[in-house]
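Enquirer: Here is what each chain is made of, one letter per residue.
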Amino acid sequence: MGMTFFVQQLINGISKGAVYALIAVGFALIFSVLKFSNFAHGGMISISAFIGYYFAKTLGLGLVFSLVAAAIGGGIIGIILDTIGFYNLRKRKSPRIFYFVSSITCGILFMNILTILFGTTYYSMPPFFENPVIKLGALRVVTLDAVILGTCVALLVVLMIIIQKTKLGLAIRTVAIDDTTATLMGINANTIVRVTFFLAGSLAGVAGVFLASNYTIDPFLGNMVVKGFIASVIGGLGSLPGAIIGAFLLSLVEVALTVITGDVIAPAIIFVLTLTFLLIRPKGIAGKFMQEKA
Amino acid sequence: MNESVLVFTLITVIGVVSIFPLTGLTGLFSFGQAAYMAVGAYIAGILAVYFKMPLIVCMISGVVGCGLLSVIVGYPTLKLRRDFFALMSLFLGEAIRAVLNASGDITGGAQGLSSIPKWIGLPGVFLGTAVVIVLVAMFKYSRFGRMCLAIKTDELAAKSFGISVFATKMKVYVFTSMIAGFAGVLYAFYIQYIDPNMFGWTTSSSWVIFLFFGGTVSLTGSVLSAVLLTMLPELLRFASELRTVIYCVIIIGVLNFRPQGLLGDREITDLYHWIKDKFTRHKLPENAA
Amino acid sequence: MKKKLMALLAVAVMLVFVLAACAPKTDNTPTQTPGEAEATPAPSDEASGDADGGEILIGSIQDLSGAMAVAGKMTTWGVERAVADINAAGGINGKTLKVVTYDCKLDPNEGVNAYNRLVDEGAVAIVGPALSNIGIPIAAVSEEKKVPFVGQFMDERATINEQTGEVWNYMFLAEPSCLQQAQIMANYSVTELGIESVGILYDSSNAYAASHAGPFQDYVESKGVEVVGVETFGADAKDYKAQISKLMAKNPDGIFIPNYVNTNALAYVQARQLGYEGYIIGNNTYTPPFTTLVEGTPIEDLVFLFNLDMDSGNTKEITEAYREEVGEEPAFNIAFGYDDVMIIANALKNVSDVTDTVEIADYIENNTKDVETASGTITLNPETHRPIGMGAYVADYDAEGNINLIGYYLPED
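So the sequences go chain by chain: A, B and C.
Numbered according to my numbering, the first sequence spans residues 209 to 502.
Numbered according to my numbering, the second sequence spans residues -11 to 277.
Numbered according to my numbering, the third sequence spans residues 51 to 463.
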């Protein structure tokens, strides 16, 4: 197994990482601002995948159009999610664990509604690129993977600009630290939370379309959100760039495991690794917020 | 109403009752309890099929095996904050599923373990359920139960009262895992075939849902909701596609509007007291104004 | 005091339960589960299965709402079509045949419940799904309830008790078993494709895939073919490039990929994207929507198993009927349902007592010989309860994306 093999596997790892990073970005946003693991993100991804499918396949519009449509659609779903899942919990000041339970339930709900509407068969997006594969000698890079990587980085940059440099971003950061104090400062915390959900939903929308293109579409596509969670945890609570780094770390570890041991017991190994990581460095690589006593 | 419906319902009751101390009393959400059911079922099943051990040996081994595993897993995971614990429990479930799939030579892998002898029927499951309910009820009203409630309400305050939080959490975790394992043993010896996909996080989640619906702190509520929500789809078979959706809507409704669940913290004994109260003549004290 | 009361409570709840159980059986009118095909004989309100009213009741258990619902609904269509055809031709010795279908939702618990329910309702024989995780637990129950169960559960343990080596008396398989199917593909690969080295890629959490991978490997190894690697992935995994690259590094002549259709499609696309040019060998799930799912990647050097020739022989009629009624291309599942009913009807027509399920099972075991079905003729082996002399086609896709049948092959036993 020569150099080509290792480089190709590296490319495979990075491709996988790009997909995970896409999911992680939207997940990490909620994780950072509202401080809970939003598993409904997976449900939003699934719905967006179908929205994208509608625009791309049924209406025949191209990739860019579908992305924009899914981003807007996803954002709206995000707001709906907040209304049914979390708004009341905020009003009642429910314990944080309820948010998590609610998010999982909403995620399952979304995916099962999709199952009722679309059945359990698989769909696929039309191909978007003339050349689906870029050939570099014996190496192969899937075009879509490269596009995903680029989009991810671009999204991250845009997001960071919004959060660090705009007034909206300032409001979001304030609410993230303490929503009661933020309200005292004249910020409508509720609106800011809604905006955050819209943003997260849009990111889910973009993720949904790309995932749909890269793989097949079914209501449970969003189950990949688990990878986004692990990436966010590794990268650290409160850090968006950290989540991206975490995503690539995760994918490279997975590929390495596949090459060395075979994929079968990977979930068990990932379990042990994640656990160890959480115990040793709960803050993650770049995390800002300390973990709280539940 | 046939026997298998009853048996599966009762086994679900055991499952829900098993997470009652963990989630209801201590506030620790676990989406991996079904994994312990799997461990119990597989240990018992393998001993019966390949080593021809008698029922008692299989049953005890299954339950004890779960206990041991829960000690090993619980020690690191219970130190994490609550939502991380919940997530790790989900990963535990998947990890166990992966291990079961991978060890095809012993467990049959994804194709499952078949031809397990049928040693448990409806009477056995009935007895098992009754025993479990009694055990958990005793737990709730014991000192342990009260400590758990304290931890759920406010961990820091509980610590300041001298409650050893970590030790209590460990004890509850091991206790609940063993009960879940017991459910697995009964299940294996009834249905005679088990495969790793039967014990996924969806099963664990549905137990959490039933618990919530009935009333997190009410044992009666858990039992009733498990029975109701399992039997109802059976009787209303037309809604089979919508079953999961209905469960989700119930939970969202409960979380949003009645977080204490259907029965809150009432138990069936409260009903007894209430009835008794109605039939008692209250005597006024002699010098009442 | 409270402890005693809690103990009382436990007993009280249980008592209520037992009372509910002992209550007279609510004879639920068998309702149609949603999503059934339109061609359904309207069910009457009688649920008994014997001579009064001139009706015979059979049951059917299929996945109508789970992950395999697409196949389950097609099978149900086949079942109902067969029942309609039989009744149109005079029924079973003058009596009308009636079928009640229950949804097992791909869940073994539901499957067992459905079986018991059908037995309680008086079904004298039951059609099963092409699902082994449903078939195997029902095998054990069928020994108790003694109602024959005919289906396409291809795991050999659904027809033969793994521990005793004896056949399950009431279970019957009406398609080649997974072992036979894997052998057909393995044999074809060795003799016709001339492969000398092969890799295997499958979903280790999928019983169907695992049940093909094992026998395939055993067979090719016994013929001297080198298995360069067996790579797996878990449930929900969608990216197999690492596994494929690993196999490609050893340059096998072919890669065997026997999973469900979406996984197969992804694996096929990724293999070609990575530049693999050898053969891709598949099982019987490379049928539509495979072509839609791999759109954008040319389909070449792919061979797979295909149970039946949908457009010829006995199958042609129902294929065309399905196209007309439903407006879609059918998969061979429609024949599966049809075949199961035919095998059962063959017994029902010739037994002396149509309510004696033991006699019916016995007849199916010993006298299912050259029964005319949608798949051609089926003969069941009394020793194994599986078909004798039933093979399958090996197929590939032509340039327009149509399935092209290369040849018909029989398994070795």
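Read the hints as simulated data drawn from the structure, not as lab findings.
From the three backbone atoms N, C-alpha and C, an ideal C-beta is built for every residue, glycine too.
Take these hints with a grain of salt, some might be off.
As the list claims (entries may be wrong) - Short derived list, chain B residues pointing at chain C, Cβ under 10 angstroms:
| id | residue |
| --- | --- |
| 1 | Glu(-9) |
| 2 | Ile60 |
| 3 | Ala138 |
| 4 | Thr141 |
| 5 | Asp142 |
| 6 | Leu144 |
| 7 | Ala145 |
| 8 | Ala146 |
| 9 | Pro184 |
| 10 | Glu222 |
Unchecked claim - Residues of chain C placed beyond 12 angstroms of chain A at every Cβ, according to the derived structure:
| id | residue |
| --- | --- |
| 11 | Asp113 |
| 12 | Ser115 |
| 13 | Lys123 |
| 14 | Asn143 |
| 15 | Thr146 |
| 16 | Gly244 |
| 17 | Glu246 |
| 18 | Ala285 |
| 19 | Ala292 |
| 20 | Leu343 |
| 21 | Glu345 |
| 22 | Glu409 |
| 23 | Glu433 |
| 24 | Asp446 |
Enquirer: Taking the closest Cβ pair, is Ala146(B) under 10 angstroms from chain C?
Expert: violated, 22 angstroms
Enquirer: Confirm or reject the statement that Ala285(C) sits farther than 12 angstroms, beta carbon to beta carbon, from all of chain A.
Expert: Contrary to the label, Ala285(C) does not stay out of reach of chain A, its closest Cβ about 9 angstroms off (not over 12 angstroms).
Enquirer: Beyond 12 angstroms on every Cβ pair: is that true for Glu409(C) relative to chain A?
Expert: Holds, since 39 angstroms exceeds 12 angstroms.
Enquirer: Evaluate the condition: distance from the CB of Glu246(C) to the nearest CB of chain A exceeds 12 angstroms.
Expert: Per Cβ check, Glu246(C) is outside 12 angstroms of chain A; nearest 20 angstroms; holds.
Enquirer: Evaluate the condition: distance from the CB of Lys123(C) to the nearest CB of chain A exceeds 12 angstroms.
Expert: violated, 9 angstroms
Enquirer: Glu433(C): least C-beta distance to chain A exceeds 12 angstroms?
Expert: holds, 35 angstroms
Enquirer: At 12 angstroms, judged by beta carbons, does Leu343(C) keep clear of chain A as stated?
Expert: violated, 5 angstroms
Enquirer: Confirm or reject the statement that Gly244(C) sits farther than 12 angstroms, beta carbon to beta carbon, from all of chain A.
Expert: holds, 25 angstroms
Enquirer: Should the interface hint for Asp142(B) be scored as holding, given a Cβ-Cβ cut-off of 10 angstroms against chain C?
Expert: Status violated, d = 24 angstroms.
Enquirer: If you take the shortest Cβ to Cβ gap from Ile60(B) to chain C, is it below 10 angstroms?
Expert: Not OK, violated: Ile60(B) not within 10 angstroms of chain C, min 22 angstroms.
Enquirer: Would the hint on Leu144(B) stand, with a C-beta cut-off of 10 angstroms toward chain C?
Expert: violated, 29 angstroms
Enquirer: Quick one, is the Thr141(B) hint okay against chain C at 10 angstroms, beta carbons?
Expert: With a minimum Cβ separation of about 20 angstroms from chain C (threshold 10 angstroms), the hint on Thr141(B) is violated.
Checked against the numbered hints given earlier, this structure breaks hints 2, 3, 4, 5, 6, 7, 8, 11, 12, 13, 18, 19, 20 and 21; the rest are met.
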